[in-house]
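Q: Protein sequences, first through last, are from chains A and R.
Going by the working numbering, 193 is the number at position 189 of the first sequence; the sequence numbering is gapless.
Going by the working numbering, 121 is the number at position 117 of the second sequence; the sequence numbering is gapless.
These are computed hints drawn from the structure, not numbers from a lab.
Remember, predicted model here, so these are calculated numbers, not experimental data.
Treat the hints loosely; a few may be bogus.
Repeated chains share a single entry, so a pair holds when one copy, or any two copies, can fit it.
The list that follows gives simulated cross-link-like pairs (lysine-lysine, DSS-like), each with its CA atoms no further than 30 Å apart [said to hold, decoys possible]:
#, residue 1, residue 2
1, K155, K92
2, K38, K151
3, K189, K155
4, K151, K189
5, K38, K92
6, K85, K38
There are 2 protein chains.
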Amino acid sequence: MQRFFMPKKPSEPTRRKPRTDAQRNRERILEVAKQAFTRSGANTSLDDIARDAGVGAGTLYRHFPTRDALIEAVYRSEVEKLAAAERKFSETMPPVAALRAWMLLFVDYIAAKHIIAPALNTFVGGPSKLYEGSRAQIQGAIDALVKRAIKSGDIRKDLDPFDLLRALIGVSNVASTPDWPQSAKRLVDILISGSRPVK
Amino acid sequence: MQRFFMPKKPSEPTRRKPRTDAQRNRERILEVAKQAFTRSGANTSLDDIARDAGVGAGTLYRHFPTRDALIEAVYRSEVEKLAAAERKFSETMPPVAALRAWMLLFVDYIAAKHIIAPALNTFVGGPSKLYEGSRAQIQGAIDALVKRAIKSGDIRKDLDPFDLLRALIGVSNVASTPDWPQSAKRLVDILISGSRPVK
DNA sequence: AATAAAACGGAGGGTGTCTCCGAATCACTA
DNA sequence: TAGTGATTCGGAGACACCCTCCGTTTTATT
Numbered sequence: 005m006q007r008f009f010m011p012k013k014p015s016e017p018t019r020r021k022p023r024t025d026a027q028r029n030r031e032r033i034l035e036v037a038k039q040a041f042t043r044s045g046a047n048t049s050l051d052d053i054a055r056d057a058g059v060g061a062g063t064l065y066r067h068f069p070t071r072d073a074l075i076e077a078v079y080r081s082e083v084e085k086l087a088a089a090e091r092k093f094s095e096t097m098p099p100v101a102a103l104r105a106w107m108l109l110f111v112d113y114i115a116a117k118h119i120i121a122p123a124l125n126t127f128v129g130g131p132s133k134l135y136e137g138s139r140a141q142i143q144g145a146i147d148a149l150v151k152r153a154i155k156s157g158d159i160r161k162d163l164d165p166f167d168l169l170r171a172l173i174g175v176s177n178v179a180s181t182p183d184w185p186q187s188a189k190r191l192v193d194i195l196i197s198g199s200r201p202v203k
Numbered sequence: 005m006q007r008f009f010m011p012k013k014p015s016e017p018t019r020r021k022p023r024t025d026a027q028r029n030r031e032r033i034l035e036v037a038k039q040a041f042t043r044s045g046a047n048t049s050l051d052d053i054a055r056d057a058g059v060g061a062g063t064l065y066r067h068f069p070t071r072d073a074l075i076e077a078v079y080r081s082e083v084e085k086l087a088a089a090e091r092k093f094s095e096t097m098p099p100v101a102a103l104r105a106w107m108l109l110f111v112d113y114i115a116a117k118h119i120i121a122p123a124l125n126t127f128v129g130g131p132s133k134l135y136e137g138s139r140a141q142i143q144g145a146i147d148a149l150v151k152r153a154i155k156s157g158d159i160r161k162d163l164d165p166f167d168l169l170r171a172l173i174g175v176s177n178v179a180s181t182p183d184w185p186q187s188a189k190r191l192v193d194i195l196i197s198g199s200r201p202v203k
């Protein structure tokens, strides 16, 4: 009987089914890392995380070559929720309200998982390629929100969406007082108000 | 012959003149640290700094028990310049203009000595006592500026000065793109504009 | 069951932090 | 100017973390 063959690109020879233990370890590491980061901040020892996950250091580093890669993986789902929220707000709310709501949500997310904040800014020194994926999602979200608000005429034409984003990420980094979320939310309104067109 | 004695507080017994080598070493360390931080960022090896200063690690740690203490000491003079600028601006410019000018200057200072930025926010986890002195100076400066602007009626009554400060420090941390100073300056105007009273 | 690709794991080398304490240095006194 | 005790120096060393390397083990596949 003639059988079907999946078409293979010649450049990509037969792909093997990924090993189940690899997948399992990857998830275990992510699980442990999430707890560890939330508990003890973003510079927990990676060797410790590996041990708690019942895995050798080598395994951890093979899956996540850098600390940043691990952090990004841990928070990828949160970032996707933010991106989803953008779409929903854009459909159901007037432009400026949507922008404001999203910014507040952003603050909330960072307040909950405070570790994501230092991870969001690239390190001093140079624009690295880290967090490429997550950053693109976030940037896409605020870009869409601001563009819509500009089009509606409720926001200055010359507003750079990333300016807002930078401010948001920034305040989230400064955790000098326990009430910083309130401060951040007040700031959202200042930013919105300061972004309206000059009359 | 009867001699004079300096009156001594009993609680504070005779103070000895500080040793000259201690003073000299302290200054040498500061000098080297300043260069090292500016050149290679804020996580240069402290042992390296000690060696470059021709000093043992113990000496460095005795003078500056933590890395943060050293950083603060290095940038204390810059902070004092900022505080001085506040006084000058307050005397020579109208309230809002003074506030704006100072904020822009703040951005410039951080742009020049980028290391001060990560040093300005307390670490995640809790409000530590680090940078107590410097932070007080900066906070005092913006507090004065905002209070004056509020009194003149050009700024909302309910504006918290520290909200602005947080935003400033924050954006300075996010160095994702090489043009962040421009972004920061645009943001200053957004913040000012958003801080005006609602009509 | 045999085979080879893929993943594992942990020992180990490199680097950074910070302490500890005998040795060296200095301010003060007579 | 020499003596002396307080103060500071210095660097070896204990510890922690990062990350790699490679012999061993597991797995998908034939």
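Q: Can you list which hints this structure breaks, lowest number first?
A: Of the numbered hints given earlier, the structure breaks just one, which is hint 2.
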